[in-house]
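Residue numbers for the sequence shown follow the UniProt record's numbering, so the first one is 1 and each next one is one higher.
Mixed in with the good hints, there may be bad ones.
[To be verified] Straight line, CA to CA, 25 Å or less: simulated BS3-like cross-link-like pairs of lysine-lysine:
id, residue 1, residue 2
1, LYS304, LYS333
2, LYS230, LYS284
3, LYS455, LYS437
4, LYS437, LYS479
5, LYS455, LYS284
6, LYS455, LYS479
7, LYS597, LYS615
[Stated by the list, open to error] Now the in silico label distances, taken between C-beta atoms and shown as ranges:
id, residue 1, residue 2, range
8, GLY275, GLN407, 49 to 55 Å
9, GLY552, ILE621, 52 to 58 Å
10, GLN491, GLU288, 56 to 62 Å
Derived from the structure by calculation, the hints contain no laboratory data. Where a beta carbon is used, it is the ideal one built from N, C-alpha and C, also for glycine.
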Amino acid sequence: MVLAGRAVLRCGARLPSPCPCPCPAAPLRRPAGLPAACPRPYSSRGKEKLDMSTYPVESIRNFSIIAHVDHGKSTLADRLLELTGTISKTDRNKQVLDKLQVERERGITVKAQSASLFYNHEGINYLLNLIDTPGHVDFSYEVSRSLSACQGVILVVDANEGIQAQTVANFYLAFEAQLSIIPVINKIDLKNADPERVEKQIEKLFDIPTDECIRISAKQGTNVEEVLQKVIEKIPPPQCNTTDPLKALVFDSTFDHYRGVIANIALFGGEIAKGQKIVSAHTKKRYEVNEVGILTPDEQPTHKLYAGQVGYVIAGMKEVTEAQIGDTLFLYKQPVEPLPGFKSAKPMVFAGMYPIDQTEYNNLKSALERLTLNDSSVTIHRDSSLALGAGWRLGFLGLLHMEVFNQRLEQEYNMSVILTAPTVPYKAVLSSAKLIKEYGKDQITIINPAQFPDKLSVSEYLEPIVLGTIVTPPEYIGKIITLCQDRRAVQKDMLYIDENRVMLKYLFPLNEIVVDFYDALKSLSSGYASFDYEDAGYQSADLIKMDILLNGNPVEELATIIHNDKAYAAGKLLCERLKETIPRQLFEIAIQAAIGKKIIARETLKAYRKNVVAKCYGGDITRRMKLLKRQAEGKRLMRKIGNVEVPRDALIRVLKRETEK
């Protein structure tokens, strides 16, 4: 029986008695021999509730798996889930915790996912809360959020590739959070694996003794049991007490159409149970708890959750704005000091997002609100454009983050959008007293070229810079240094990790690396170099606003902020691209790139013209010249009164960064 789109009964009426359904905690896939009439429920109703009081704080371990992209985090998570009996062992267990379609298509982890494992070690039952984290630099905010709910990490390094840029970045995230670190060398089954070399790299860079490294093959399951034993021995239990008042940190949340907001929480004190009245420290609203439970990785309801445990709570939050990530939940009339929460993510890339059809504006607004609940690192500001209509200016942590967000909008909410070319946030130090009074401060942030102030009213412009780390084999150093110098980068450090790996540190202007630097680096190094970056503040720069003119009229959507040294090349490229995309008219169109009043590049789109001298066969030349002169006068008049409008699809093709350079 199905009621309001939700399965109420677990088993169909046709089942024999007793029911062979694997209650209470059915695995993801139907076991062999189970009748087809036993459907998987949409909700967690009907499951037998677990008693979590049997796991005191001393027998709880909260840990994350961190690594560079494609070093085997999700595969190790799959083996740990199998080893503890959380999921059944089958050949189809691949990326079990990667639930999003975009994750399975791209083979990368985008969202940090948690799962509770039960493991018996030396006669004691332990509750292990595992969080699988992303490896790409664009999702480092997910990693830092996950580490706030942990006391230790498993640092996975590929035995073939060795230490990469993101390995270094993730190590320091865990080190600064003062977490216990368990180094694990994965993929020892590969033909070219060299675990001894990787152990020496770990010792040299991270000062971790080689005898502490565990050699495993997550794919084959070799030595994975030893990882669990080290987790129990080396990672301390959480420092909290069940007798304290309830204090729960919301570290992630998702939206369910039937049950509202599902908040993932880590308990730092007290206990939480169904029926309790809780209050949000952020909104001050009061809720009644409808359901609590743990993720195994499916939702598994429990009677209560206790201090030190990680799980989920459903409390009738209907609006997506009510579950703020980093919020603290406490019991009604038992207020506590809110937890520090999370440092808000700093957007590195901005892009305009507009609905393809303006009638879809409200649907897109609703989809954006729900998706940003699940991905809180995206910032949103309302924006509008003459050509594209009403929309938003979104801030992302990087280009891959922007692509994944757009893909999730399409796949999860069926929304097709126009995404403009990415830009970075610049700053201007104002010198005009009038502007300082208008803005209320002497420094403004510019995320849209339309807001770019005139040079006369500004003392200096500032551009964002990042500290980039490149790890590469030594034979590619020359090409990579040339690439970095072309991108206006300044070398800060160069360190030989061993004879096969060099680590370079450069200060890059962010706008030089945001679009195609990573692709260029990979192609130069045959895919061997890795790249990671972190924010390094702002520096003074010679910035200008470049306008695109069509027959002397500026096109607002194509205005860009650019460094003076790169203006000519960028202007020429944009003019050439426009010439290819704008349809020809009956009159000539001048496509120009301009800085203020100065034209720096020009392309001319020739007019359609009739062959007016076709009827002249022989005769005096003056007759031909008279016809051509009359045609030229007509074209001149038409150009004066003609209005060039860039068609919407042509504008989209030019704005989209995928356009061939």
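Could you tell me whether the CB distance from GLY275 to GLN407 stays inside 49 to 55 Å? violated, 40 Å
Proposed proximity, LYS437 with LYS455 (alpha carbon, max 25 Å): With Cα atoms ~17 Å apart, LYS455 and LYS437 stay inside 25 Å; holds.
Given the hinted pair LYS455 and LYS479, is their Cα-Cα distance within 25 Å? violated, 37 Å
Does LYS437 pair with LYS479 here, judged by a C-alpha cut-off of 25 Å? violated, 49 Å
Could you say whether the range 52 to 58 Å given as a hint is met by the Cβ separation of GLY552 and ILE621? Given range 52 to 58 Å: violated, Cβ gap about 35 Å.
Given the hinted pair LYS455 and LYS284, is their Cα-Cα distance within 25 Å? Violated: LYS455 and LYS284 sit about 46 Å apart, past 25 Å.
Quick check on a hinted range of 56 to 62 Å for GLN491 and GLU288, using CB atoms only. holds, 59 Å
25 Å Cα cutoff - pair LYS230, LYS284: The given pair, whose Cα atoms are some 42 Å apart, is violated under the 25 Å limit.
Regarding the pair LYS304 and LYS333, is the alpha-carbon distance no greater than 25 Å? Holds - the C-alpha atoms of LYS333 and LYS304 are around 20 Å apart, at most 25 Å.
Is the Cα-Cα distance between LYS597 and LYS615 25 Å or less? violated, 45 Å
Taken one by one, the earlier hints fail for this structure at numbers 2, 4, 5, 6, 7, 8 and 9, listed in ascending order.
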